[in-house]
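Work the whole structure out from these sequences, hints included.
Residue numbers (our numbering), protein chains in the order written: chain A, 985 to 1226; chain B, 144 to 207.
Take the hints with a grain of salt, since some may be wrong.
To be clear about the criterion: a stretch of chain A counts as covered by chain B if any three or more of its residues have a C-beta under 8 Å from a C-beta of chain B, and this derived list gives those stretches [unchecked claim]:
1) 1030-1039
2) 1075-1085
3) 1089-1100
4) 1200-1209
5) 1213-1226
These are calculated hints, taken from the structure and not from any lab test. Quick caveat: nothing in here was measured; it's all calculated off a predicted structure. A virtual CB, placed ideally from N, CA and C, is assigned to each residue, including glycine.
These are the residues of each chain, in order.
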Amino acid sequence: MIPGTKFLANPARFMAVSRWLAPVLGALAAVLLAVGLWLGMAVPDDYQQGATVRIMFVHLPAAFMSMIVYALLAIASFLGLVFRHALADAAAKSAAPLGAAFTALALITGSLWGRPMWGTWWVWDARLTSELVLLLIYLGYMALHAALDDETKAARAAAILALVGLANLPVIHFSVTWWNSLHQGESIFVKGGPKLSAVYLWPLGIMFLAYLALFGSLWLVRIRGEVWRKRAGARAMARAMA
Amino acid sequence: MSHIPLPNLEVGRYAAFVWPAYALSALALLWMLADSLLRARRWRREAEAGPQAAPVASTDPTAQ
Chain A
985 MIPGTKFLAN
995 PARFMAVSRW
1005 LAPVLGALAA
1015 VLLAVGLWLG
1025 MAVPDDYQQG
1035 ATVRIMFVHL
1045 PAAFMSMIVY
1055 ALLAIASFLG
1065 LVFRHALADA
1075 AAKSAAPLGA
1085 AFTALALITG
1095 SLWGRPMWGT
1105 WWVWDARLTS
1115 ELVLLLIYLG
1125 YMALHAALDD
1135 ETKAARAAAI
1145 LALVGLANLP
1155 VIHFSVTWWN
1165 SLHQGESIFV
1175 KGGPKLSAVY
1185 LWPLGIMFLA
1195 YLALFGSLWL
1205 VRIRGEVWRK
1215 RAGARAMARA
1225 MA
Chain B
144 MSHIPLPNLE
154 VGRYAAFVWP
164 AYALSALALL
174 WMLADSLLRA
184 RRWRREAEAG
194 PQAAPVASTD
204 PTAQ
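In structure tokens form, the structure reads like this:
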């Protein structure tokens, strides 16, 4: 068993921990969102982008989350596929709708930022196209899960799709380096530190942490829902057999 | 005394892009919150309804 993944193998322990951790993360997300929005609305206009720079505080966290959630979905899928952890499939399945929502949000807010800056809502360049492919992979994953009646087979097929789709993450991240793009180049995780001024970096960092905490909270809530769904199904089956 | 920056909601000619971005983000986050909570509540209720229903069904001779 991989160290640190034990909690996925014990539903009772998970339910006990997530019972208090989910509301704590939710409250943390609310506070961080309030502070991030306040600071984000207080930044000066950018000398090139004007007031549209404020779209960054909702666009970038959504784009980061679209990739982070997918990586978590793939890790959970791997644990479910290889180690058969009891909660791994539930964790992967629960992450998908949240990841799809973050990805759709990144695409829509990016389009709203692109129109005034680039003069177009959409361009088929590598960054935008690979992000759209990520959304299609999320939708495909959910469709595959819903398409098969046998939950074990559905989880297995969806996990394989999730692991294949993992190849798209480096394409998204490095697309602005590997190919010419209208999308701006890497400006946060670069050698020598972020290129962004601290006045923008602080609200961005706080909004990112807010999105991360919100996802953490909702992910736990959804996994708890999956555990209850399985319990309800098992009890319905037991009643039917009685 | 430390300086607390005050928000400035004036976005000028970019209002048609900035506010929809924030409004759609708020809607998406609210949807995630509502869907997650409602889904979990529904399954919790069904899971907790099980134990009461099962003995009644198995001991009541009129139950079908």
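Each hint, compared with the structure:
1. Residues of the segment 1030-1039 of chain A lying with their CB closer than 8 Å to a CB of chain B number 5, which satisfies the three-residue condition for coverage.
2. Chain B is given as covering the segment 1075-1085 of chain A, and this holds because 3 residues of the stretch bring a CB closer than 8 Å to a CB of that chain, at least three being needed.
3. Counting residues of the segment 1089-1100 of chain A whose beta-carbon sits less than 8 Å from any beta-carbon of chain B gives 7, enough to reach three: the coverage restraint holds.
4. For the segment 1200-1209 of chain A, the stated coverage by chain B is satisfied: 5 residues place a CB nearer than 8 Å to a CB of that chain, which reaches the threshold of 3.
5. Taking a C-beta to C-beta cut-off of 8 Å, the segment 1213-1226 of chain A contributes 8 residues in contact with chain B, enough for the three needed, and the coverage statement holds.
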